[in-house]
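Student: Chains as they are written, first to last, in this note's numbering: chain E, 1 to 356; chain H, 1001 to 1356.
Everything labelled a hint here was simulated from the structure, so no lab data went into it.
Worth double-checking, as some hints may not be accurate.
[To be verified] In silico lysine to aspartate or glutamate, EDC-like type, Cα no more than 20 Å apart, as pairs: (1) Lys1140/H <-> Asp1124/H; (2) Lys1028/H <-> Asp51/E; (3) Lys24/E <-> Glu1061/H; (4) Lys1013/H <-> Glu190/E; (5) Lys291/E <-> Glu190/E; (6) Lys28/E <-> Glu1061/H; (7) Lys1013/H <-> Glu227/E; (8) Lys1010/H <-> Glu230/E; (9) Lys140/E <-> Glu171/E; (10) Lys1024/H <-> Glu64/E; (11) Lys1024/H <-> Glu1339/H; (12) Lys291/E <-> Asp131/E; (13) Lys28/E <-> Asp1059/H; (14) Lys1353/H <-> Asp1341/H; (15) Lys1028/H <-> Asp1337/H; (16) Lys1010/H <-> Glu227/E; (17) Lys13/E <-> Asp124/E; (18) Lys1013/H <-> Glu230/E; (19) Lys24/E <-> Asp1059/H; (20) Lys10/E <-> Glu1044/H; (21) Lys13/E <-> Glu1061/H; (22) Lys1024/H <-> Glu61/E; (23) Lys1303/H <-> Asp1327/H; (24) Lys1028/H <-> Glu61/E; (25) Lys1010/H <-> Asp1124/H; (26) Lys28/E <-> Glu1264/H; (27) Lys140/E <-> Asp108/E; (28) Lys13/E <-> Glu1230/H; (29) Lys291/E <-> Glu264/E; (30) Lys24/E <-> Glu1230/H; (31) Lys1291/H <-> Glu1257/H.
[Said to hold, decoys possible] Listed next, with one range per pair, are the computed distances between beta-carbon atoms: (32) Glu63/E <-> Arg1071/H: 36 to 46 Å; (33) Pro137/E <-> Val1143/H: 26 to 36 Å; (34) Met1001/H <-> Met1/E: 33 to 43 Å; (35) Lys1024/H <-> Pro289/E: 19 to 29 Å.
C-beta: ideal position from N, C-alpha, C; glycine also.
There are 2 protein chains.
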Amino acid sequence: MSRYWSQTTKRIKPYVPGEQPRDKTYIKLNTNENPYPPSPRVIEALHRAADESLRRYPDPECEELRQTIARCVGVAREQVFCGNGSDELLAFAFLAFFNPGTPILFPDITYSFYPVYCTVFHLDYEPVPLDMSFTIPVEKFFVPNGGIVIANPNAPTGTCLPRAAVREILEHNFGSVVIVDEAYCDFGAESAVPLVQEFPNLLIVQTLSKSRSLAGLRVGFAIGHQELIEGVRRVKDSMNSYTLDRLALAGAVAALEDEAYYRETIRRVIATRERTAAALRAVGFSVIPSKANFLFITHPEAKATELYQQLRDRGVLVRHFNLPRIDNYLRVSIGTDQEMDAFLDCITALVQKTGT
Amino acid sequence: MSRYWSQTTKRIKPYVPGEQPRDKTYIKLNTNENPYPPSPRVIEALHRAADESLRRYPDPECEELRQTIARCVGVAREQVFCGNGSDELLAFAFLAFFNPGTPILFPDITYSFYPVYCTVFHLDYEPVPLDMSFTIPVEKFFVPNGGIVIANPNAPTGTCLPRAAVREILEHNFGSVVIVDEAYCDFGAESAVPLVQEFPNLLIVQTLSKSRSLAGLRVGFAIGHQELIEGVRRVKDSMNSYTLDRLALAGAVAALEDEAYYRETIRRVIATRERTAAALRAVGFSVIPSKANFLFITHPEAKATELYQQLRDRGVLVRHFNLPRIDNYLRVSIGTDQEMDAFLDCITALVQKTGT
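The shape of chain E in the complex, shown without the other chains:
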């Protein structure tokens, strides 16, 4: 603590991102990065954009990228907002739509950044307990609230709600903004984008970090009614007019234009996920059905903290959350088939040793 910190700074408990280790090379299955490289067209676009025009500010309105996204997802340009990754968009949206006083609702087990946003912006929140199978209990969101945030698929569980369930939540909440965080949606979940035309209180957040293999480029986008987009823009323009640099803008446009490439890499990630889930179940793991690019797993006879450390010692990095209800689980990102084979060999040996 420093005497110079504001009350806010003293109170916040910052989000801790997954480790980016530098001590040695790991099979890195801890931050849900895509194992496949971005489209070659992205790399080409970046090479073209890396020129002397960098002396100029980027377009603060991200017009070209917004038009590209609008075309890809089938909405108007005015319904699209671009940000420096979906985390920044979520921060802006919390500030743009939520007020101190009435609690924001989100599941008790979900992306651990949500309570952090609440703390930094002085918002109250009420965690809604997931049921025993980690399903989101839709009807528990039919109560007065100051806003709702749902990750769909949820993290770190990977479970997802069908669009009809998201619609139900929206139908019971015309008074508040419902943010649906679709960071992992491309890996098999139903997007709520088609509901945007119907519900003026729905804001959807997506990212190019996962399905587009561009975690290193920092591009996310939001889709919603024009008035919500304008609200997020007002907040952005009160903090930083230009959050996306010229390279990120160029790379993101190219990524969105190469749909065929990403459909194929996504298909591969899904196939590897299903194969890995089956192999884990075969050696006694309970694997939560996942529509994301990770699996959330637990074993009746092996302690997650020990498995985490043993895997780490053997050069395999996964993620463990030391949080109530999920402290005996591991979140395992889906890597290449080769990486997952190495992980499976390793973890199988570990649990079989435990079992004997």
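Since the structure of chain E is already known, use the hints to place chain H on it.
Tutor: Just chain H now, kept in the frame of chain E:
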């Protein structure tokens, strides 16, 4: 206004960045961009960094860039923080160090983003009137306050305080954080960086946008006591863990390593600035002595709004602020010699027409 906007969103008056026109090609002297391209080594570094590693998150701690900055400015790595342009850093710093209640002090004529940050974070502020020659009256900052922000050189005036004056402000304000915004410092002002070791309440903000010709890459940095840096980091990690993408990190390191190149382009900008100032004075302009890459000018017989429009009609874009005390001034960024010659021809013809 939307019923879904938060109280904050309803209240804020977002900052309006300088126009990035798309209707035609202008001699663009309105956003203080550097007329010279970034170092060729930056472009090379960007080409090298645009590869498949983009599927990975960037380093959230910006270790390599922080080390490079630390080496360049002569501080420890722990005294450096990197952000997505100096605007983002300022936003984080306002939230990290200032509390609602006690007013923040900054000059009445200064970077117009400062009051915007105050509004979005519910901070009170008190503008300190500059004297008639637009000098910052140091002793007016020797009063109780919740924090101080000084742009040095100031914007949009270009005037600057010597380091001794900054020291005086610091000596009278051990109780609060003093932010010195040195966005334009490289163009001839004295940096306060040497004071950082002495004053634990000094935070300096700089950017690569201006002197390093990288407005399009979005990189700024802050220098201060380790506890202040930790405060900014806490705020950043409560909003967005990764605000600098892999390309921005790589390009920024390369820019800082090519000092010789930038010393030369800065030298040229300064030479052009002085030549332009002399030419403007010769046709009757009052030109505020500037240590930045722009000039702030007024003419006794020509209205600034009219000059602005007439220049625009002739393809020259400058900036006009419709604000008290400065509404008869124009801010003119320093372009290449050729651009400034065209500007001078144009504006000379305009004021001579007015004069006759």
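Student: Take the hints in turn and mark each one as holding or not.
Tutor: Here is how each hint holds up against the structure:
no.	hint	in the structure
1	Lys1140/H <-> Asp1124/H	holds, 17 Å
2	Lys1028/H <-> Asp51/E	holds, 18 Å
3	Lys24/E <-> Glu1061/H	holds, 18 Å
4	Lys1013/H <-> Glu190/E	violated, 37 Å
5	Lys291/E <-> Glu190/E	holds, 9 Å
6	Lys28/E <-> Glu1061/H	holds, 18 Å
7	Lys1013/H <-> Glu227/E	holds, 16 Å
8	Lys1010/H <-> Glu230/E	holds, 11 Å
9	Lys140/E <-> Glu171/E	holds, 13 Å
10	Lys1024/H <-> Glu64/E	holds, 17 Å
11	Lys1024/H <-> Glu1339/H	holds, 16 Å
12	Lys291/E <-> Asp131/E	holds, 18 Å
13	Lys28/E <-> Asp1059/H	holds, 15 Å
14	Lys1353/H <-> Asp1341/H	holds, 18 Å
15	Lys1028/H <-> Asp1337/H	holds, 13 Å
16	Lys1010/H <-> Glu227/E	holds, 12 Å
17	Lys13/E <-> Asp124/E	holds, 15 Å
18	Lys1013/H <-> Glu230/E	holds, 13 Å
19	Lys24/E <-> Asp1059/H	holds, 15 Å
20	Lys10/E <-> Glu1044/H	violated, 42 Å
21	Lys13/E <-> Glu1061/H	holds, 17 Å
22	Lys1024/H <-> Glu61/E	holds, 18 Å
23	Lys1303/H <-> Asp1327/H	holds, 9 Å
24	Lys1028/H <-> Glu61/E	holds, 18 Å
25	Lys1010/H <-> Asp1124/H	holds, 17 Å
26	Lys28/E <-> Glu1264/H	violated, 44 Å
27	Lys140/E <-> Asp108/E	holds, 12 Å
28	Lys13/E <-> Glu1230/H	holds, 13 Å
29	Lys291/E <-> Glu264/E	holds, 16 Å
30	Lys24/E <-> Glu1230/H	violated, 27 Å
31	Lys1291/H <-> Glu1257/H	violated, 24 Å
32	Glu63/E <-> Arg1071/H: 36 to 46 Å	holds, 39 Å
33	Pro137/E <-> Val1143/H: 26 to 36 Å	violated, 56 Å
34	Met1001/H <-> Met1/E: 33 to 43 Å	holds, 39 Å
35	Lys1024/H <-> Pro289/E: 19 to 29 Å	violated, 56 Å
When the structure is compared with the earlier hints, violations turn up for hints 4, 20, 26, 30, 31, 33 and 35 and for no others.
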